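Novice: Each chain, written out:
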Amino acid sequence: MTTPTLTKPSGHHSPQTHGRTSTLTGTRALAKLAARRDRIMLVAWIYVLTALVAGTAYSFKKLFPTPAGRAEFALSAGHNPALLSLYGPLYGNSIGSLTAWRYGGFAALGAGIMSIFIVIRHTRADEETGRLELVGSTVVGRNAALTAALLIAFGANVGLAVLITAGLTLLGLPAAGTISLALAIAGSGLVFTAVAAVCAQVAATARAARGLALAVIGVTYLLRAIGDSSGPHGPRSLSWLSPIGWAELIRSFGAIRWWVLALPLVVAAIVAAAAALLAVRRDYDAGMLPQRPGRPAARASLRSPFALAWRLQMGSLIAWVIGALIWGVIVGSAAKGIGGLLGSSQIRHIIVQLGGKSALTNAYLAAIMGFNGLIAAGFAVSAVLRLRSEETSGHADPVLATTASRVRWGLSHLVIALVGTTLILVLAGLAAGLGFALRSGGTREIGPLIVAGLGQLPAALVMGGIAAAFFGLFPEVSVGVAWSALGLAVLILFLGASLKLSHWFLDISPFQHLPKLPGGMVTAAPLIWLSVIALVLGVAGLIGLRRRDIA
Amino acid sequence: MSNAIDVAGLRKSYGKVTALDGLDLGVATGEVHGFLGPNGAGKTTTIRILLGLLRADGGTARLLGGDPWNDATTLHRRLAYVPGDVNLWPNFTGGEVIDLLGRLRGGLDEKRRAGLLERFELNPTIKARAYSKGNRQKVALIAALASDVELLMLDEPTAGLDPLMESVFRSCVEEERKSGRTVLLSSHILSEVEALCDRVTIIRSGRTVESGSLADLRHLTRTSISAELSAPPVGLDQLPGIHDLDIEGLRITCEIDTDQLDGLLRRLTDVGVRSLTSQPPTLEELFLRHYSGDDTGGAYRDQAAPDHAANPSGARA
Numbered sequence: 060m061t062t063p064t065l066t067k068p069s070g071h072h073s074p075q076t077h078g079r080t081s082t083l084t085g086t087r088a089l090a091k092l093a094a095r096r097d098r099i100m101l102v103a104w105i106y107v108l109t110a111l112v113a114g115t116a117y118s119f120k121k122l123f124p125t126p127a128g129r130a131e132f133a134l135s136a137g138h139n140p141a142l143l144s145l146y147g148p149l150y151g152n153s154i155g156s157l158t159a160w161r162y163g164g165f166a167a168l169g170a171g172i173m174s175i176f177i178v179i180r181h182t183r184a185d186e187e188t189g190r191l192e193l194v195g196s197t198v199v200g201r202n203a204a205l206t207a208a209l210l211i212a213f214g215a216n217v218g219l220a221v222l223i224t225a226g227l228t229l230l231g232l233p234a235a236g237t238i239s240l241a242l243a244i245a246g247s248g249l250v251f252t253a254v255a256a257v258c259a260q261v262a263a264t265a266r267a268a269r270g271l272a273l274a275v276i277g278v279t280y281l282l283r284a285i286g287d288s289s290g291p292h293g294p295r296s297l298s299w300l301s302p303i304g305w306a307e308l309i310r311s312f313g314a315i316r317w318w319v320l321a322l323p324l325v326v327a328a329i330v331a332a333a334a335a336l337l338a339v340r341r342d343y344d345a346g347m348l349p350q351r352p353g354r355p356a357a358r359a360s361l362r363s364p365f366a367l368a369w370r371l372q373m374g375s376l377i378a379w380v381i382g383a384l385i386w387g388v389i390v391g392s393a394a395k396g397i398g399g400l401l402g403s404s405q406i407r408h409i410i411v412q413l414g415g416k417s418a419l420t421n422a423y424l425a426a427i428m429g430f431n432g433l434i435a436a437g438f439a440v441s442a443v444l445r446l447r448s449e450e451t452s453g454h455a456d457p458v459l460a461t462t463a464s465r466v467r468w469g470l471s472h473l474v475i476a477l478v479g480t481t482l483i484l485v486l487a488g489l490a491a492g493l494g495f496a497l498r499s500g501g502t503r504e505i506g507p508l509i510v511a512g513l514g515q516l517p518a519a520l521v522m523g524g525i526a527a528a529f530f531g532l533f534p535e536v537s538v539g540v541a542w543s544a545l546g547l548a549v550l551i552l553f554l555g556a557s558l559k560l561s562h563w564f565l566d567i568s569p570f571q572h573l574p575k576l577p578g579g580m581v582t583a584a585p586l587i588w589l590s591v592i593a594l595v596l597g598v599a600g601l602i603g604l605r606r607r608d609i610a
Numbered sequence: 005m006s007n008a009i010d011v012a013g014l015r016k017s018y019g020k021v022t023a024l025d026g027l028d029l030g031v032a033t034g035e036v037h038g039f040l041g042p043n044g045a046g047k048t049t050t051i052r053i054l055l056g057l058l059r060a061d062g063g064t065a066r067l068l069g070g071d072p073w074n075d076a077t078t079l080h081r082r083l084a085y086v087p088g089d090v091n092l093w094p095n096f097t098g099g100e101v102i103d104l105l106g107r108l109r110g111g112l113d114e115k116r117r118a119g120l121l122e123r124f125e126l127n128p129t130i131k132a133r134a135y136s137k138g139n140r141q142k143v144a145l146i147a148a149l150a151s152d153v154e155l156l157m158l159d160e161p162t163a164g165l166d167p168l169m170e171s172v173f174r175s176c177v178e179e180e181r182k183s184g185r186t187v188l189l190s191s192h193i194l195s196e197v198e199a200l201c202d203r204v205t206i207i208r209s210g211r212t213v214e215s216g217s218l219a220d221l222r223h224l225t226r227t228s229i230s231a232e233l234s235a236p237p238v239g240l241d242q243l244p245g246i247h248d249l250d251i252e253g254l255r256i257t258c259e260i261d262t263d264q265l266d267g268l269l270r271r272l273t274d275v276g277v278r279s280l281t282s283q284p285p286t287l288e289e290l291f292l293r294h295y296s297g298d299d300t301g302g303a304y305r306d307q308a309a310p311d312h313a314a315n316p317s318g319a320r321a
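Going down the list, the protein sequences come from chains A and B.
Okay, so the first sequence: first residue is 60 according to our numbering, each after it adds one.
Okay, so the second sequence: first residue is 5 according to our numbering, each after it adds one.
It should be emphasised that the hints constitute simulated quantities derived from the structure, not laboratory data.
All of these numbers come straight from a predicted model, not from anything done at the bench.
The beta carbon of each residue, even a glycine, is placed where N, CA and C say it ideally should be.
Keep in mind that the hints are not guaranteed to be accurate.
Where chain A lies over chain B, by a calculated footprint (3+ residues, C-beta under 8 Å) [said to hold, decoys possible]:
| id | region |
| --- | --- |
| 1 | 47-60 |
| 2 | 91-100 |
| 3 | 104-116 |
One chain only, chain A, in its complex shape (with noise of 0.2 Å):
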């Protein structure tokens, strides 16, 4: 046929469009599954993204109604090297300029850490079980299931984009700072998504996969963190090395650089070239790095329910612990620059806001370790969830039809759930101490820290009861049921305060309870409740499981 084929092909039956086929044929089709299965997850994602950084901005407004008090705010807290670290840098003293400098750089990493959950759950997660075989046998090409992945995660950034400038502009924002803003976090998110398809064909497993990719934007942040924090002569360039530092370089609400939002652009797009290549290079189910002969017979230990449930959570435990030293020593080491802060009466409140009381440096210490507190019962959650994977995945049929009893078998993974959460609130309170040892030269610090580190163990450990009773009694909802608490925690302690949401709305989080330390005056009754509503939610969970059929 030598027709000229301008026109396009008329539906379905086009005798020119039957039989012709692509490597991304079938792409249309695995977009619309991944987006069906999506659809809960990816609401929850950008809904709790856009209230992040909308309430911030309204909580801002509340906070600071005049500019006199916004520019005595901006002029401390935009030189204070530990603000710097933690949010980066402050362009101008409007609204706008804070909400970005306050929740820019988080909502970036927040855009970022969804996007990675969005592209390795429909790539190398689906490749893991199978699933990706039995569509790739129908008419569907090699790069579809790829393309698919990075379709739903740019659509999901996308939609962030549209809903943050929706409710920026609804709060009376510019809109050229709101759309700046907006588009740098989806910026980021698109470079992560780019970055996480490239980990998905590298490792051969979706955790390992989800680790690496979790691994780079954590030094992003660490990049971003040291270059905003260093003086003049310090390495201040280090922060053009991270995606996360373009969010804030763009200077929303400043004086605006659009230019910048064209690094994550080209950046995401050689990236996810870069994953394209690798995945028509490698077979299925096989990953870049190389696969090496293992131990031909167990260690002498592995020989209980216990030593199987370390073994299986060792490594990620080790991630966690790993990612809660770094992160203490840069917490700890800003804590020192606080005292400068000390004439600026506002940033009481902004401290305060983050729930905090006493003395300021106290209570600066005192709201990292409310996020300690998250981080750790992030842990104890996943920790308490492994369990029902290992129940759908059908591994714990083999390990119950042995010896090993169903209460022994849970147990296992819920005393790993409690050492692991114990060791990383000891350990961030600990590397806290040393980061604000390092900044001072004292030591003072280190003892109350890891004391009030263990303060939070109490309502972690809550939110890993919760995880345990659901998976015992309502195992079908359980994982929904306790991210969407530990969700509802993050959410009451970043803006419960600032929103006025009433105390009885407040006072459902467990971390709600706890007594602000270092500082803080402690009363033993709430860490005895907490306590024991976490061993009592997890025995529910125990006997639910030995009463229950396994899946």
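Go by the hints and put chain B onto chain A.
Specialist: Just chain B now, kept in the frame of chain A:
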């Protein structure tokens, strides 16, 4: 204690879906018992109830003289289980899984482990994620066979094995039988069941439809007969148990209920037989009869008839 497994009237439903609807299963100690049924008949559900992974809604189940739900942990010391769909921890090697499961069961025989690895040609240093389905199956089989237990519960254990490994598996089960262990073998491979099992239970839609030795069950089926006679036969269609009778001059073909075979042969020899081909019932026919058709017993017969009529030429050839 004569029976290793005693199940009567077992019921289990998942919401509105009924998986088991009054299932009976008896496995005598020391026998290899075939457990047959089409997909979704309830084989795996039965085995998982016997393992105490699921709780039955009704009926009774006894396992090695104990209660599968309440005494699960103590009973599990005396049995080994190979799931139909073997899922292993992706970053464990095969060797690690074998050791772990063996130890959790109360120890395994190192010598047997080494011997089985060799016979099944399994490389124990490979991570489970890199194993094929057949190799994952081998891991579970070796872990079960290397344990010193009284009862083996095998849920379609050869589904992923190649013919060579299947024969290794058969000789292993043969050895188990000789050493007095009881085996419950759920399977779809009829030749395997015919070769290994002393008795079989056939289930369908959560109910037992047939149970007994293979010889017993054969009696329930029909034998295909084709013969050339010396004179035209008379009154054959009046014989009890005769089906699909086809007379062409001196040639006849028919199906006869196996327990009525005697009567037919008597009648034929009365007329005079020049040649005779008799095709004994295969387990496959037994299977097809029970698997196809509706729930009522009468329907099996009607459904099975066309199958037999479809290939009488196969019987003659």
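Novice: Taking the hints in turn, state whether each one holds.
Specialist: Evaluation of the provided hints:
As drawn, the region 47-60 of chain B meets chain A at 6 residues by the rule of a beta-carbon pair under 8 Å; at three or more, the given contact holds. Given a C-beta distance limit of less than 8 Å, the hint that chain A covers the region 91-100 of chain B holds, as 9 residues qualify and 3 suffice. For the region 104-116 of chain B, the assignment as covered by chain A holds, since 6 residues bring a beta-carbon within under 8 Å of that chain's beta-carbons and 3 suffice.
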